[in-house]
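Asker: Residue numbers (my numbering), protein chains in the order written: chain A, 1 to 313; chain B, 314 to 950.
Rather than coming from a laboratory, the hints here were simulated on the basis of the structure. Each residue gets a CB set at the ideal place from its N, CA and C atoms; glycine is no exception. Hints are supplied without guarantee of correctness; some may be wrong.
From the derived model, a few chain B residues whose C-beta atoms are all more than 10 Å from chain A [said to hold, decoys possible]:
#	residue
1	Lys336
2	Ser364
3	Leu401
4	Glu488
5	Ile508
6	Ile567
7	Phe673
8	Ser683
9	Leu804
10	Glu874
11	Gly888
12	Gly926
Taking CB as the label site, the calculated pair distances span [as the list claims (entries may be wrong)]:
#	chain 1	residue 1	chain 2	residue 2	range
13	B	Phe790	A	Asn119	41 to 49 Å
14	B	Pro720	A	Asp210	41 to 49 Å
15	A	Pro302	B	Gln491	30 to 38 Å
16	A	Arg246	B	Phe923	47 to 55 Å
17	A	Phe7	B	Ile677	32 to 40 Å
18	B	Pro752	A	Phe7	40 to 48 Å
19	B	Gly926	A	Arg246	48 to 56 Å
20	A	Ser160	B	Phe923	40 to 48 Å
21	A	Thr124	B	Phe790	49 to 57 Å
22	A	Ser160	B	Val699	25 to 33 Å
Below are the chains, spelled out letter by letter.
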Amino acid sequence: MKKIISFILGTVVALNLTISVANAAAKSVRVAFFIEWPTPNQEDKVKKMFDKALGVPVEWTNFANGGAMTDAMLAGDIDISYSQGLVPFINAVKSKAPIKLVDIAMEYGMGGTTCVTSNASGITKANATELEGKKVAVPLGTMAEYVFDESMKVVGADKSKMTVIQMDPEEGAAALVSGDVVMACLFGGNSIKAATAAGTRLLTVQEARDAGILGIDITSVTDKFMKENPGMLKTFIEVTHEANTRYKAGKSDMNIVAKDAEMSLADTKETIGGFKFLTPAETEKSMTSGSLSKFLKGMGTPNGAVDTSFLPL
Amino acid sequence: MLTGIITFVVIFAVIGSILYGRKLAKTEKLDAVFGNPERANGGVHWVIVGSSFLLLTWLYYSWDMAKSFYPQSANELCQVAKVNDSLLSLKYLFPIEEREFKSTSIIKGENKNIEKLANEIKNSPKLSEQDKSELLKFIDKTKKTIPLLTDERLLENETKIQIKDLTNRIVSLTEEFQKESYPPITSIEEENKRIEALKTQGKWGASATAVENTVEIPTIPETKMGLKFDAAAKELTLISEDFFNLKNHNSQYINLMQEIRDEIKAYESGLNDTQKVASALAKDVLKIARRIEYASIFPPNTLDDMQQSIINFDEVQKKEQGILKYVDIFLFPAGTIVSSGPNCSEQGSGRWLPKPSDTFNKFILLMQPSIGFKNVPMVWYEMMDVSKIVGFILPDWIADIMPGKYPIHNQEGTVTPNFKSNVLKVVTGEFSLFKIPVPMGHIWDSFLRVLLGLLLGVIFGVPLGLFMGLNRFAKGFFDPLIELYRPVPPLAWAPLVITVFGIDNVGKVFLLFMVSFSIMIISARAGASGTQLSKIHASHSLGASKWQILRYVIFPNSLPEILTGVRVAVGMCWGTLVAAEFLAGTTGIGFVENVAKKYFQYEVIWITIFVMGMLGLLFDVALRKIIDKTIPWHGKG
Chain A
1 MKKIISFILG TVVALNLTIS VANAAAKSVR VAFFIEWPTP NQEDKVKKMF
51 DKALGVPVEW TNFANGGAMT DAMLAGDIDI SYSQGLVPFI NAVKSKAPIK
101 LVDIAMEYGM GGTTCVTSNA SGITKANATE LEGKKVAVPL GTMAEYVFDE
151 SMKVVGADKS KMTVIQMDPE EGAAALVSGD VVMACLFGGN SIKAATAAGT
201 RLLTVQEARD AGILGIDITS VTDKFMKENP GMLKTFIEVT HEANTRYKAG
251 KSDMNIVAKD AEMSLADTKE TIGGFKFLTP AETEKSMTSG SLSKFLKGMG
301 TPNGAVDTSF LPL
Chain B
314 MLTGIITFVV IFAVIGSILY GRKLAKTEKL DAVFGNPERA NGGVHWVIVG
364 SSFLLLTWLY YSWDMAKSFY PQSANELCQV AKVNDSLLSL KYLFPIEERE
414 FKSTSIIKGE NKNIEKLANE IKNSPKLSEQ DKSELLKFID KTKKTIPLLT
464 DERLLENETK IQIKDLTNRI VSLTEEFQKE SYPPITSIEE ENKRIEALKT
514 QGKWGASATA VENTVEIPTI PETKMGLKFD AAAKELTLIS EDFFNLKNHN
564 SQYINLMQEI RDEIKAYESG LNDTQKVASA LAKDVLKIAR RIEYASIFPP
614 NTLDDMQQSI INFDEVQKKE QGILKYVDIF LFPAGTIVSS GPNCSEQGSG
664 RWLPKPSDTF NKFILLMQPS IGFKNVPMVW YEMMDVSKIV GFILPDWIAD
714 IMPGKYPIHN QEGTVTPNFK SNVLKVVTGE FSLFKIPVPM GHIWDSFLRV
764 LLGLLLGVIF GVPLGLFMGL NRFAKGFFDP LIELYRPVPP LAWAPLVITV
814 FGIDNVGKVF LLFMVSFSIM IISARAGASG TQLSKIHASH SLGASKWQIL
864 RYVIFPNSLP EILTGVRVAV GMCWGTLVAA EFLAGTTGIG FVENVAKKYF
914 QYEVIWITIF VMGMLGLLFD VALRKIIDKT IPWHGKG
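All chains should be modelled from the sequences, with the hints used to inform the complete structure.
Answerer: Spelled out as structure tokens, the structure:
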């Protein structure tokens, strides 16, 4: 009996003490990113420029979606999430996760995130109301869900009358090809390529841009890392913006970016061509009064989730 | 309130049951030696202890006990967290929680980086000797910036005054903080505003009115103590911001830094395109110089007073927490309330383990048919016309083989139905009979899928299994087929099956059928081949036909194996179903869990887990009843 009690008490004490040991000393910086999502700073990533600039090793981990990035940040395994979608970030902040938005990775039209209708269904923008009563694949809780919501408003279809199926982009593309769904909303170069082989974009990139449908990917960071390593965070953002400037000047080595993004060179150029990389000044404007701040307000994000003080202005 | 009562009831139940158990052990008959199965009979009181422990653990680690006994604690701890949050940005520079000064570790690191870079330059084959010496000169200068920052004699008076000022602010805050009157009331207007805001502020815990809302912690201070910490946190934030902006950049340092910048710039502009390596290395040198510039490096001992004042404040604020400190330690195990900007959140077990009371509220909410999850109720009924069933059963081609042609519209633009079109209406179910209620919803859908998959598996698997156990051809013919697909985990099939059969129920049921089918074959086969030969011989000599032997000897003998197989299959089916619903779905428990995960709705995730556990238990209990009924002799040999 005494043994049992002491065992239980011991377990309780041990459990209570296991408060997550985070990256306090910052012997390395752990960054989350996406593959199939080419960005200029991947050249710096491959050439270890981040390691040099930060003075400590930078470990990159790739994720399938932005929600998983948040999970990893909360578990103390990731310090910085680069190009996390805004929607997963907002979902996380709404559930009071201690993470902050410190930079805009890029804005993009529907080049990188889009809804594709199957050619067999014959549905286009003109007769989009026919989507009602049919099945559509949407990766819920991602930027693609936002694009889906907004696109339906543009084409005037009632999404509550559709059967929305939760599917990740790869499966959504497969379901579109096999005819299980008439429309799939997806992100990622290879998935969109697979889907457009059997379908067409509901809205062209230009149409989406005209309708104000804008994707925003951001850089988010855990509160703890931000507080303890402000210098590293600032440097990280600075190097990223330097890479963006280099890309805009046409000096990026796209072969390296394509290889790291695990895409073909042509696809990489096409995908990255749809991205708009903001200058630090533009970023600040977007964060304080521009599209990002409107987006956050529109989604009912709690205040205090954005910090502009790390931008290299 | 309810949680509090339950906690006490559970604790008393545990104590009572343990005492009863000990008493029982003493009065037990002594001839039940170790190994006698009778020693495992009975024991309801241990069931009570077991489930109570589960409940207690849940109540404790989800911090529901804290919520019921100290409902204010989350709000107060939130204010304390704000103080800690503000303190953190001051503390991290000092060896308070770390081993060394932040600046010490930066200097150590950068000295290493400088050395590494110097070696790289020296050993680089692509650089000319002139470039090398130039770059090494930059390195040398960068190295010299560090002593300029750490030399006490160079510390400028202005910086000294600023440090002194910041230290004084912390010291006076520490003094004020201990006073009863802190924080001073600023104005009645402000106070009224706060009281107004308090009224609209929610309570600690998950909202019971909307599925989407997750746990919330009221952030506006509700108590006197909370106010105190809130005010201190605001002051500390100002102090730490000022400190953050304070840089020990004396004129000598600024000059040298400017020199490095200018020289590197001049050097770089002098390089042509073929000297990329040199340019990159020059940039690296500048990066180090700028890192040093950005770091808050001060001479040793300059910040001693400040460090002491921070430590003092920390001690005072810990003391001022009073009983709250112990509430935090004992009632908030494995984590605490953490502040992030203006918001507070639960971090640790309280975050991912929702409180039983919250979970219960959410469950009630989800079960309401008008709310449900994503517009589909968890389990409810809908009125369905019987004609739909008729239409489902009768094949549509009946209408096609009827004589005549389908009606064509006439000149007036109307269509007159004829016999053939009327038949079509009947076979497609497009007419109205009476309506009957049928179940629907997430739970029902999952339940039905498992049931169908299982039944199909039993219907096809058992005969084939028996056949394989009794016939050489069947065994040889089907064995490779079955054995090839059986060891593959069902999840590996999932993406393929869903592509082939589609994302509707057919694909999912087929996947479950695959799972149960192989298990049923194996168990039926083992049952059939395990029948005692003497029994078969006996029935033969009594003149039984082949069918009679199968029906009355072999089948009853394999029943125990078959029913055990069914129990195994049920478990496997549930596991596979959830994964299948993860892949693609519009309804089902797995779908609910997958979507809830994306929105961080931990309560909903736990609800789905409980529902699955309960349904699994339901299946198992039902099966045990069937086993008791059909093979009462089992286990009694």
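Asker: Between A:Arg246 and B:Phe923, does the C-beta distance stay in 47 to 55 Å?
Answerer: Holds, since A:Arg246 and B:Phe923 (Cβ atoms, about 53 Å apart) stay within the stated range.
Asker: Just tell me: holds or violated, for the beta carbon distance of A:Ser160 and B:Val699 against 25 to 33 Å?
Answerer: holds (29 Å)
Asker: Check the non-interface label on B:Glu488: least C-beta distance to chain A beyond 10 Å or not.
Answerer: Nearest chain A Cβ is 26 Å from B:Glu488, so the label holds.
Asker: Please confirm whether B:Ser364 is truly not at the interface, meaning its C-beta sits more than 10 Å away from all C-beta atoms of chain A.
Answerer: holds (16 Å)
Asker: Would the least Cβ to Cβ distance between B:Gly926 and chain A come out above 10 Å?
Answerer: holds (22 Å)
Asker: Evaluate the condition: distance from the CB of B:Gly888 to the nearest CB of chain A exceeds 10 Å.
Answerer: holds (19 Å)
Asker: Using the Cβ atoms, figure out if A:Thr124 sits within 49 to 57 Å of B:Phe790.
Answerer: holds (52 Å)
Asker: Going by Cβ atoms, does B:Phe673 stay more than 10 Å from chain A at every point?
Answerer: Given a closest Cβ separation of 20 Å, the condition holds.
Asker: Take a quick look at B:Leu804 and tell me if its Cβ sits farther than 10 Å from every Cβ on chain A, holds or violated.
Answerer: For B:Leu804, whose nearest Cβ neighbour in chain A is about 14 Å away, the distance exceeds 10 Å, so it holds.
Asker: Just tell me: holds or violated, for the beta carbon distance of A:Ser160 and B:Phe923 against 40 to 48 Å?
Answerer: violated (29 Å)
Asker: Beyond 10 Å from every Cβ of chain A: is that where the Cβ of B:Ser683 lies?
Answerer: Its Cβ never comes within 10 Å of chain A, the nearest being 15 Å, so this holds.
Asker: Taking 48 to 56 Å as the hint, is the beta-carbon distance of B:Gly926 and A:Arg246 inside that range?
Answerer: 55 Å Cβ-Cβ, so the 48 to 56 Å window holds.
The structure does not agree with the numbered hints 3 and 20 stated previously, though it agrees with the rest.
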